[in-house]
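Visitor: Now for the letters of each chain:
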Amino acid sequence: MKSSMSRRALSAWVGAVSLTALVCGSGQSQAGELVEGSDWLQRWEGVKLTLSSHTGPTTDAIKELSAQFAELTGAEVEVIDESWTDLLSKHLADAAAGGGTYDILTWPYIWTGHYVEGGMVEDLNDWFANEELADPRFDMEDIPEAVIEVYGRYRGGASPNPDGLWSVPYKFDVYLAQYRTDLYEEAGIVDAEGKAKPPETWAELLDNAKVLKEKFPDMQPVVFPLAVDDPMVATFLPMIASYGGTIPIPWYDANLYPTFQDQPGQDAVAILNELKEYMPADVLDMDYDRVNAHMSQGLAAYALNWNAYLPVLLDPDASTISDKVAFDGTPGGPAGRFSGLGGWQMGVSAQSANKEAAFQLLSWLGGRERGVDFAMAGGSAARFSVANDPKVVEAFPYYPLLMDILEGYAARGMDRSWAELQRTIGVGLNKILLGQDPVEGLNETAGQTFDQAERAGYGPSATAARP
Amino acid sequence: MATAAAEFLRPSLGKRVSQKRYPLFLVAPAFLTLFLLTIYPFIYMVWISFHKWPILPTLPRDFVGLATYSFIFRDPEFWNSVGVTATYMFLSVGLQLSLGFFLALLVAAPNPVLRWFRLPFIIPVFVSPVVVGLIWKFMLGYDLGIINYLLRSIGLEGVNWLGDQTNALLAVVLVDVWQWTPFTFLILHAGLSSLPSEPYEAAALDGASRFQMLRYITLPMITPVLTVALLFRVLDAFKLFDVIYILTRGGPGNATNLLAYNIWRKGFFENQLGYAAALSVIMIIIATVLALVLIRVMARQDRE
Chain A
1 MKSSMSRRAL SAWVGAVSLT ALVCGSGQSQ AGELVEGSDW LQRWEGVKLT LSSHTGPTTD
61 AIKELSAQFA ELTGAEVEVI DESWTDLLSK HLADAAAGGG TYDILTWPYI WTGHYVEGGM
121 VEDLNDWFAN EELADPRFDM EDIPEAVIEV YGRYRGGASP NPDGLWSVPY KFDVYLAQYR
181 TDLYEEAGIV DAEGKAKPPE TWAELLDNAK VLKEKFPDMQ PVVFPLAVDD PMVATFLPMI
241 ASYGGTIPIP WYDANLYPTF QDQPGQDAVA ILNELKEYMP ADVLDMDYDR VNAHMSQGLA
301 AYALNWNAYL PVLLDPDAST ISDKVAFDGT PGGPAGRFSG LGGWQMGVSA QSANKEAAFQ
361 LLSWLGGRER GVDFAMAGGS AARFSVANDP KVVEAFPYYP LLMDILEGYA ARGMDRSWAE
421 LQRTIGVGLN KILLGQDPVE GLNETAGQTF DQAERAGYGP SATAARP
Chain B
468 MATAAAEFLR PSLGKRVSQK RYPLFLVAPA FLTLFLLTIY PFIYMVWISF HKWPILPTLP
528 RDFVGLATYS FIFRDPEFWN SVGVTATYMF LSVGLQLSLG FFLALLVAAP NPVLRWFRLP
588 FIIPVFVSPV VVGLIWKFML GYDLGIINYL LRSIGLEGVN WLGDQTNALL AVVLVDVWQW
648 TPFTFLILHA GLSSLPSEPY EAAALDGASR FQMLRYITLP MITPVLTVAL LFRVLDAFKL
708 FDVIYILTRG GPGNATNLLA YNIWRKGFFE NQLGYAAALS VIMIIIATVL ALVLIRVMAR
768 QDRE
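From first to last, the protein sequence lines are chains A and B. Reminder that position 418 of the first sequence reads as 418 in the numbering used here, one-by-one numbering, no gaps. Quick note: to get the numbering used here, add 467 to the position in the second sequence (first position is 1).
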């Protein structure tokens with residue numbers, strides 16, 4: 001009798017626990033119930049969300065905002081940050097295994113082809129149209145259209161929907177110039193008011209470099225990230241654009257037929273070759289970190305880098321030039337002045353078990369109302385409201401320059417073969433800087449990228465024969 | 468009686484069968500392990516190499532036969548990679564064996580002070596290659612590296628270690644030699660310690676010089692051990708990845724784009740598993756041929 005009772009009690013207990021687990025585990029127990037004081041944020045108790053990203057100040061800022069989301073909604077949010085070089089293979093492997101480990105994926109736009117063509121992320125158009133879930137004050141208009149185009153759309157390759165919105169900005173990266181006001185002023189490179197005058201063109205930068213070299217023989221007048229692969233191509237991007245390369249992607253046309261070997265590419269290589277003479281001897285080994293270290297240690301007068309690296313230069317604990325560094329857009333050429341666009345975006349994983357909650361987290365992290373907090377915490381926000389905020393501009397004086405992209409920007413590729421093409425272009429440009437004939441080197445590299453694009457399933461021969 | 472005894476001792480049919488199978492049962496675990504961990508993955512890799520194979524199954528995995536191999540053999544980057552790997556291997560392994568042998572001879576000398584160096588000599592082997600790469604990256608820096616600082620402090624020009632094509636490859640060789648010479652030293656030291664003393668005593672009685680003893684006694688006797696060390700280091704050199712990843716990323720240009728690094732990039736950074744698999748098959752074939760040649764040399768030495 002006693003045994004039968006305990007068995008019955010045990011069954012009831014197991015049943016109750018299972019039911020609770022089922023209800024909570026589904027993540028739907030509280031769906032629809034709004035957070036107190038909010039007109040869009042719902043309660044997500046029992047739901048665990050995982051955001052996958054790379055290490056750095058932007059992800060640190062995202063962690064802070066995620067913690068606020070968790071506190072408000074009751075969801076558990078884990079932000080996994082790791083080396084960016086391993087991220088693509090991890091995301092692909094997880095998607096291939098059907099793991100659904102991640103609810104929000106972040107990636108640099110140069111990998112977008114994998115995520116969209118591979119069906120790894122949701123089209124956010126429908127999600128933003130859902131009034132029950134979307135943040136009514138997300139304010140897409142506050143994000144520059146160019147940024148939406150590069151960080152959100154995927155019109156090339158085998159896009160399932162060219163008008164789809166696959167992601168929103170995660171980290172806004174624009175290539176900017178940093179220069180030493182004290183050295184420029186001492187060398188007499190000044191404007192009418194006697195203030196340091198940064199170069200407006202690459203040719204002017206070259207002239208400045210000559211003056212600086214003579215005035216400060218122990219100082220490097222210029223330093224660019226020119227290490228093979230990503231840094232080499234990112235540095236060449238605003239150069240080729242300013243000499244007349246096709247905009248916004250100067251590397252190839254819609255069929256992935258190479259265009260960088262044409263006259264604009266040759267002119268840009270010629271000026272880069274001349275500028276290299278005023279850079280450190282080992283500049284071809286210099287990536288973004290090393291250039292930033294070089295600049296922060298006071299070893300160079302002028303540098304190019306992504307804005308995400310710049311807070312270090314302003315930090316007196318980490319930089320010897322915090323009080324004598326100023327910022328500017330990258331120089332221009334005969335075709336104008338263009339900003340090189342980099343950066344990361346975030347999307348909702350197609351394999352997420354909690355897409356509704358994931359979408360609300362994404363809206364929370366990218367929404368207008370959190371923009372200033374995000375920037376002040378070290379994140380890089382692509383919003384007009386942030387770039388114009390006095391508090392942000394005071395802390396990070398280069399912020400208004402980020403909006404120069406409105407005047408013209410250039411981007412890298414987004415198709416699935418871009419990683420391979422970028423490597424080939426980077427190696428080709430490196431070889432030219434090491435002494436190969438520029439025209440021969442560019443044509444040889446163009447031929448290689450043609451073959452690679454064709455092998456990847458794109459159709460460069462639809463434009464013309466192999467260069 | 469004898470027949471009855473034989474009949475009694477004769478195993479039953481079942482026992483006879485199980486006796487026949489007995490060796491198979493003994494070999495089975497090893498075979499199964501080998502099959503699951505080596506043979507099956509290798510066959511699968513060869514199969515993948517005949518395809519255009521993105522990691523994601525939602526993207527098309529097309530059978531392309533030998534097209535990838537054909538592309539690879541026409542690709543100048545592949546031949547550059549093979550050339551760089553061969554140059555690196557020749558220089559690095561050659562230096563490791565020479566230095567390792569020299570150090571082993573030095574320590575083998577009856578000098579109690581030198582014997583204390585045995586442990587410090589082998590410390591680099593214990594350090595993780597990633598840490599080795601990072602340490603050397605700092606030390607080889609053009610402006611702030613300690614090596615150039617030392618060179619400049621004695622009035623020499625700083626060397627552009629990582630920004631020049633030739634120097635970058637030499638820098639990789641230098642790092643590899645620093646880390647793995649102790650390994651060859653250890654093997655050759657063990658080999659030298661096991662050599663019999665009689666031939667040396669006889670040679671000394673005949674008035675042979677130290678050099679003659681080295682040339683006509685030590686070297687012929689140590690050659691099998693040298694070949695083993697060579698085999699280990701050649702196969703290891705083929706796999707060098709971590710130091711390249713940290714130190715040069717294959718640059719400048721493609722001066723240090725070794726085969727193993729190239730395979731990693733194609734497979735895991737460019738999402739081209741078919742291409743990476745084909746490169747791996749080619750690399751395994753080259754390594755196997757080299758290993759077979761060295762094993763044959765060893766077998767011949769054994770016979771002699």
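For the record, the hints were derived by calculation from the structure and aren't laboratory data. Check each hint, because a few of them may be wrong.
Result set (DSS-like, lysine-lysine): computed pairs, CA atoms no more than 30 Å apart in a straight line [what the hints assert, rightly or not]:
hint, chain 1, residue 1, chain 2, residue 2
1, A, K215, A, K197
2, A, K213, B, K604
3, A, K63, A, K90
4, A, K276, A, K195
5, A, K324, A, K195
6, A, K63, A, K276
7, A, K213, A, K324
8, A, K90, B, K706
9, B, K519, A, K90
10, B, K604, A, K90
11, A, K324, A, K355
12, A, K197, A, K213
13, B, K519, B, K706
14, A, K276, B, K706
15, A, K195, A, K90
Take a look, some chain B residues computed to stay more than 10 Å from chain A by CB distance [to be verified]:
hint, residue
16, F538
17, Q679
18, L702
19, V756
From the three backbone atoms N, C-alpha and C, an ideal C-beta is built for every residue, glycine too.
Visitor: Minimum Cβ separation between F538 of chain B and chain A greater than 10 Å?
Guide: violated, 6 Å
Visitor: Check the non-interface label on Q679 of chain B: least C-beta distance to chain A beyond 10 Å or not.
Guide: holds, 48 Å
Visitor: Take a quick look at L702 of chain B and tell me if its Cβ sits farther than 10 Å from every Cβ on chain A, holds or violated.
Guide: holds, 26 Å
Visitor: Holds or violated: K195 of chain A with K90 of chain A, Cα cutoff 30 Å?
Guide: This hinted pair is violated, its Cα atoms lying about 49 Å apart.
Visitor: Hinted pair, alpha-carbon criterion (30 Å max): K215 of chain A, K197 of chain A. Please report holds or violated.
Guide: Holds, at about 16 Å.
Visitor: Measure nothing beyond the straight line between the CA atoms of K519 of chain B and K90 of chain A; if it is 30 Å or shorter, mark the hint as holding.
Guide: Within the cut-off at roughly 20 Å; holds.
Visitor: Checking one constraint from the list: CA of K213 of chain A to CA of K604 of chain B, max 30 Å. Satisfied?
Guide: holds, 27 Å
Visitor: Given the hinted pair K63 of chain A and K276 of chain A, is their alpha-carbon gap at most 30 Å?
Guide: Not satisfied, since the Cα-Cα distance of roughly 40 Å exceeds 30 Å.
Visitor: Checking one constraint from the list: CA of K63 of chain A to CA of K90 of chain A, max 30 Å. Satisfied?
Guide: At roughly 20 Å apart (the allowed maximum being 30 Å), K90 of chain A and K63 of chain A satisfy the hint.
Visitor: If you draw a straight line from the CA of K604 of chain B to the CA of K90 of chain A, is it 30 Å or shorter?
Guide: Since the Cα atoms of K604 of chain B and K90 of chain A sit roughly 27 Å apart, the hinted pair holds (cutoff 30 Å).
Visitor: Below or equal to 30 Å on CA atoms is what counts here, so check K276 of chain A against K706 of chain B.
Guide: Violated, because 34 Å separates the two Cα atoms, which is more than 30 Å.
Visitor: Take the C-alpha atoms of K519 of chain B and K706 of chain B, compute the straight-line distance between them, and say whether it is at most 30 Å.
Guide: The hint holds at about 24 Å.
Hint check: violations occur at hints 6, 11, 14, 15 and 16; the rest are consistent with the structure.
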